[in-house]
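Colleague: These are the residues of each chain, in order.
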Amino acid sequence: MSPDWDAIAARPRFKELLRAKRRFVAPASVFFIAYYFALPVLVGYFPATMSRRVWGPVNIAYLFALSQFLMAWVVAWIYVRAARRFDELAEQALRDEAGR
Amino acid sequence: MNAALVIFLAFVALTLAITAWAARRSQGAASYFAAGRRITGWQNGLAVAGDYMSAASFLGIAGLIAFNGYDGFMYSVGWLVAYLTVLLVVAEPLRNAGKYTMADLLAYRLKARPVRAMASLSTLTVSTFYMIAQMVGAGALVSLLLKGSGIGFSTAVIGVGLLMIVYVVFGGMLATTWVQIVKAVLLMGGTLLLSVLVLAHFGFSFAAFFDAVANVKYTLNGETVTRDFLAPGLRYKPPYGALDLISLGMALIFGTAGLPHILIRFYTVPDARTARISVVWAMAIIGAFYVMTTFLGFGAATIVGRDFIAQNGGINMSAPLLANALGGEIFFAFISAVAFATILAVVAGLTISASASFSHDFWTNVVHNGRERSPNEEVNVARITAFVVGLVSIALAILLGPGANVAFLVGLAFAVAASANLPAIVLSLFWKRFNTSGAVCGLGGGLASSIILILLGPSVRGAAAVFPLENPGIVSIPVGFAAAWLGTMLSSDRASEDKFAELQVRANTGLGAEKPSAH
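Chain order of the listed sequences is A and B.
In my numbering, each residue carries its 1-based index in the first sequence increased by 14.
In my numbering, each residue carries its 1-based index in the second sequence increased by 69.
Among the hints, a few may not be true.
To be verified - Under the rule of at most 20 Å between Cα atoms (straight-line distance), these lysine to aspartate or glutamate pairs were calculated in the EDC-like manner:
1) K180/B / E539/B
2) K501/B / E446/B
3) K35/A / D340/B
4) K501/B / D567/B
5) K584/B / D101/A
6) K168/B / D376/B
7) K180/B / E566/B
8) K568/B / E583/B
9) K29/A / D18/A
10) K29/A / E441/B
11) K35/A / E105/A
12) K35/A / E102/A
13) K306/B / E539/B
14) K180/B / E398/B
15) K29/A / D101/A
16) K168/B / E446/B
17) K29/A / D562/B
18) K568/B / D20/A
19) K180/B / D567/B
20) K584/B / E566/B
21) K584/B / E105/A
22) K501/B / D18/A
23) K216/B / E398/B
24) K568/B / D18/A
25) K286/B / D376/B
26) K501/B / D101/A
27) K501/B / D20/A
28) K584/B / D297/B
Simulated from the structure, these hints should not be mistaken for lab results.
These numbers were taken from a predicted model, which means no experiment stands behind them.
Taking the hints into account, I'd like the entire structure generated from these sequences.
Modeller: This is how it looks when you write it as structure tokens:
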């Protein structure tokens, strides 16, 4: 017999899961997209500022591009940590169902 | 005999052994299309990286940096950041709610036949365009890398084509996966070794390295010029440079999560949690690769020099020539062999994604309404499709010839993935009202606008371009979303709302997800 999908979707635990995911994924996506597009926008439209040297010949533009890699890894790492909570909530939402 | 050829043949022998092993283990559709869903997190991470990093990344981006310095580096950034979209939005729901193809997710609460037909068309477009670009690239590389081995353009294209057919027809997803893993390891090893040699050349002093990069000499219009290769502006110039880069960035950030051959990799792991872990592994590998590409590109610019590269095979030879300068002929041979392994692993991934979509989406679900008429029909049709797709790609690549401008085909593949596939995936997951008409309009609108804008753009028409940007993403992605929205609103079909709760539960909890095979 197939599970009662609508009933599970209506459970408080499941709703909490969706809320928790949305609260993480929406701002995280806005952040990484803004951070990424800041690179071509700043470099494209403010090349003089971005070419300013900060360490020997190394300039802001280079460091900013390099920081994108760090940013991507850090966001991924934070997500993986947050996702442990999502996994717990998902399990609880399903266990609720099994109990009835 | 040519050393590169020897190393390459060793790789071919290894991959054929993998294929034979995989063929013996393979039984049934889940095994053929999804490697029995028993690939582990780190294995799939390596395979995703092997599926993704094409010769365009390895030779192309190293060359872009060697010739354009910073602008080439900036170009490479988006290829990693794009994986955040895969991680945050697509990988886990796809694994939870789908079976073999991207369309499984779309067809869930929509009418299967029209949606699958469009999704299959889009998948075949992305996969074949991308594949032709790889095949022409493979053939062109051979004449440069295996110079004097007697192997020409057509022979190389036929060789690459036949190998990918053998991997996919006989070994299915399991063989494809392991070919991609071996390639990723080779590619990372070669890149790491080259990077270390570049730094060793500068006495492991970053200061000396960056000083050299800031004073690169080359010939421009007959005069010797010195340029700061850490400064932006050598490639992306006004008036459209920045806009083109933003448009490309959009195609990468939204397109990677819509590339069918990447998406189907997430069906090979046991569950959504493993899919998540595998994206993180892939990000670690892909990111490390692109950071090291900086050393390859800047190293080629400073140690080999732009003029020498231009006279000895051109921009794509930057990394191999650097290897030659730092490690001699044997290292050149190794790096050349890595470039071939790279192409083979990517085209195998593209072939299996095209054949899975044709067989599972079009043949079984569109033509025969979801019924397999005989046991194993889906697998057999996929095998035949892989064979046909391979032959067609070989023929097209030979027809186009080594001089063909194919770089835009990769851009087109990403543009279609971003403009057609991603809007449909995202709206299907998050917008309750989204319906069949919306999906068909979104897929069709994104596909058509990408193709039309590329045809009107500078990649195809050169100076006579009507549309000024090489990459259409900045226009075609909004068109894809708008078409999906408009198509939804113009239709009174509300049946798709009934199954929204089911899709949400499945996508977010993994209840009812496809299980890994027993063994």
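Colleague: Are the hints correct? Go through all of them and say.
Modeller: Hints and how they fare:
With a CA separation close to 35 Å, the supplied pair K180/B and E539/B exceeds the 20 Å bound. Proximity of K501/B to E446/B is assessed by CA-CA distance (about 34 Å); at most 20 Å being required, the pair is judged violated. Distance restraint check for K35/A and D340/B: the Cα-Cα separation of roughly 18 Å lies within the 20 Å cut-off, and the hinted pair is therefore satisfied. Distance restraint check for K501/B and D567/B: the Cα-Cα separation of roughly 9 Å lies within the 20 Å cut-off, and the hinted pair is therefore satisfied.
Distance hint between K584/B and D101/A is fulfilled; the C-alpha atoms sit about 17 Å from each other, no more than 20 Å. Distance check on the hinted pair: K168/B and D376/B sit about 51 Å apart at the alpha-carbon level, beyond 20 Å; violated. A threshold of 20 Å between alpha carbons decides the hint, and for K180/B with E566/B the separation of about 12 Å falls inside it, so the pair holds. Only pairs whose Cα atoms come within 20 Å are accepted, and K568/B paired with E583/B is accepted, the gap being roughly 18 Å.
Restraint check: the Cα-Cα separation between K29/A and D18/A comes to about 15 Å, which is no more than 20 Å; the hinted pair holds. The suggested pairing of K29/A with E441/B is violated, with an alpha-carbon distance near 38 Å, which exceeds 20 Å. This hinted pair checks out: K35/A and E105/A have alpha carbons roughly 14 Å apart, not beyond 20 Å. Pair hint K35/A plus E102/A holds up; C-alpha atoms about 12 Å apart against a cutoff of 20 Å.
For the proposed pair K306/B and E539/B, the alpha carbon gap of about 13 Å is at most 20 Å, so the pair holds. Our distance criterion of 20 Å between C-alpha atoms is broken by K180/B and E398/B, whose separation comes to about 58 Å. At most 20 Å may separate the alpha-carbon atoms for a hinted pair to count; K29/A and D101/A meet this at roughly 14 Å. Annotation: proposed proximity of K168/B to E446/B holds, straight-line Cα distance about 16 Å (limit 20 Å).
As the CA atoms of K29/A and D562/B are separated by approximately 26 Å, the hinted pair breaks the 20 Å bound. Note on K568/B and D20/A: the hinted pairing holds, with a Cα-Cα distance of about 9 Å set against a maximum of 20 Å. Restraint check for K180/B and D567/B: the C-alpha separation of about 12 Å stays at or below 20 Å, so the hint holds. Taking the CA atoms of K584/B and E566/B, the gap is near 27 Å; set against the 20 Å cutoff, the hint is violated.
Among the hinted pairs, K584/B with E105/A is consistent with the structure: their alpha-carbon atoms are about 17 Å apart, no more than 20 Å. This hinted pair checks out: K501/B and D18/A have alpha carbons roughly 18 Å apart, not beyond 20 Å. For the given pair, K216/B sits about 12 Å from E398/B by alpha-carbon distance, which is consistent with the 20 Å threshold. The suggested pairing of K568/B with D18/A holds, with an alpha-carbon distance near 11 Å, which does not exceed 20 Å.
As the CA atoms of K286/B and D376/B are separated by approximately 9 Å, the hinted pair is consistent with the 20 Å bound. About 23 Å separates the Cα atoms of K501/B and D101/A, which puts this hinted pair outside 20 Å; it is violated. Distance restraint check for K501/B and D20/A: the Cα-Cα separation of roughly 14 Å lies within the 20 Å cut-off, and the hinted pair is therefore satisfied. As the CA atoms of K584/B and D297/B are separated by approximately 55 Å, the hinted pair breaks the 20 Å bound.
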